[in-house]
Amino acid sequence: MRKLGSLLATLLLAFSALPAQAQLAPVPTDPLEIIVSALAATHPTSEWLIAMCDIPMRTKYEQDANDLAIEAKIPGIRDRMVAASAAYCAGEIPPIFAGFEAKVRADWRGTPPAQLARLATLLRPALVLLYAVKPDFRPGDTATMAADRFPDMSLDNNAEYKRALTAFVRSPGAEALITRLDEYRKKMSADMEATLQEKLGPIFRDSIAVARDAGNAYAREKGFAPPYPA
471 MRKLGSLLAT LLLAFSALPA QAQLAPVPTD PLEIIVSALA ATHPTSEWLI AMCDIPMRTK
531 YEQDANDLAI EAKIPGIRDR MVAASAAYCA GEIPPIFAGF EAKVRADWRG TPPAQLARLA
591 TLLRPALVLL YAVKPDFRPG DTATMAADRF PDMSLDNNAE YKRALTAFVR SPGAEALITR
651 LDEYRKKMSA DMEATLQEKL GPIFRDSIAV ARDAGNAYAR EKGFAPPYPA
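Anchor point for the sequence shown: position 18 equals 488 in my numbering, and the numbering is continuous, going up by one each time.
Calculated from the structure, these hints are not laboratory results.
Treat the hints with caution; some may be incorrect.
What the hints assert, rightly or not - No farther apart than 25 Å at their CA atoms in a straight line, the calculated lysine-lysine pairs in the PhoX-like style are these:
1. Lys530 / Lys604
2. Lys657 / Lys669
3. Lys573 / Lys657
4. Lys530 / Lys543
5. Lys543 / Lys692
6. Lys656 / Lys669
7. Lys632 / Lys656
8. Lys530 / Lys656
9. Lys530 / Lys669
10. Lys656 / Lys573
11. Lys573 / Lys669
Construct the entire structure; sequences and hints are all you get.
Below you can see the structure in the form of structure tokens.
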């Protein structure tokens, strides 16, 4: 029982420590999709990463003397660049998480429905909290500043979670089931981290290039020479 309690604490801490997200989709109700959402972390993470290409990108331009001079000369160019950066990330980042979702869905689809339902009941309270939180990016923010405002996601006083936890712990085979979930989460998290480290750097670098291309195009529209190197 002590081992089971430790595993549950680790799992819920992992899920509740995920970044915030905009509520763009309802919390899943299908047991398999609840597990997919919890393990692939699509909504908590994908929208957060896309948001990093918006206000933090604007902050970068507002803190750079050269970019400030360009904006003073060509008013509106910064808005065009930030919009282009955000649109690029919105097109490139979601497919990465769609791949994570597809893997989790395929790996867990053969699990007996009763086991899926038990795990989903346990995980859903954490997802409800995550789905209710929106990314809090404010003018002048860096990504770190926004992350520091992430609210407390503790489930200590969550009645739904306490009921689910009590029922789960008392059910047959609970330890084996939660051990499987924990081992899978660790493996999936490592795979996701490796993939994101490989793909996000180029995406963010390319988003800057896309923004500069958009800025140059805007300058030409306004009758100015392109201010950024091609």
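Status of each hint after checking the structure:
| no. | hint | result |
| --- | --- | --- |
| 1 | Lys530 / Lys604 | 22 Å, holds |
| 2 | Lys657 / Lys669 | 19 Å, holds |
| 3 | Lys573 / Lys657 | 12 Å, holds |
| 4 | Lys530 / Lys543 | 18 Å, holds |
| 5 | Lys543 / Lys692 | 11 Å, holds |
| 6 | Lys656 / Lys669 | 20 Å, holds |
| 7 | Lys632 / Lys656 | 24 Å, holds |
| 8 | Lys530 / Lys656 | 34 Å, violated |
| 9 | Lys530 / Lys669 | 21 Å, holds |
| 10 | Lys656 / Lys573 | 14 Å, holds |
| 11 | Lys573 / Lys669 | 17 Å, holds |
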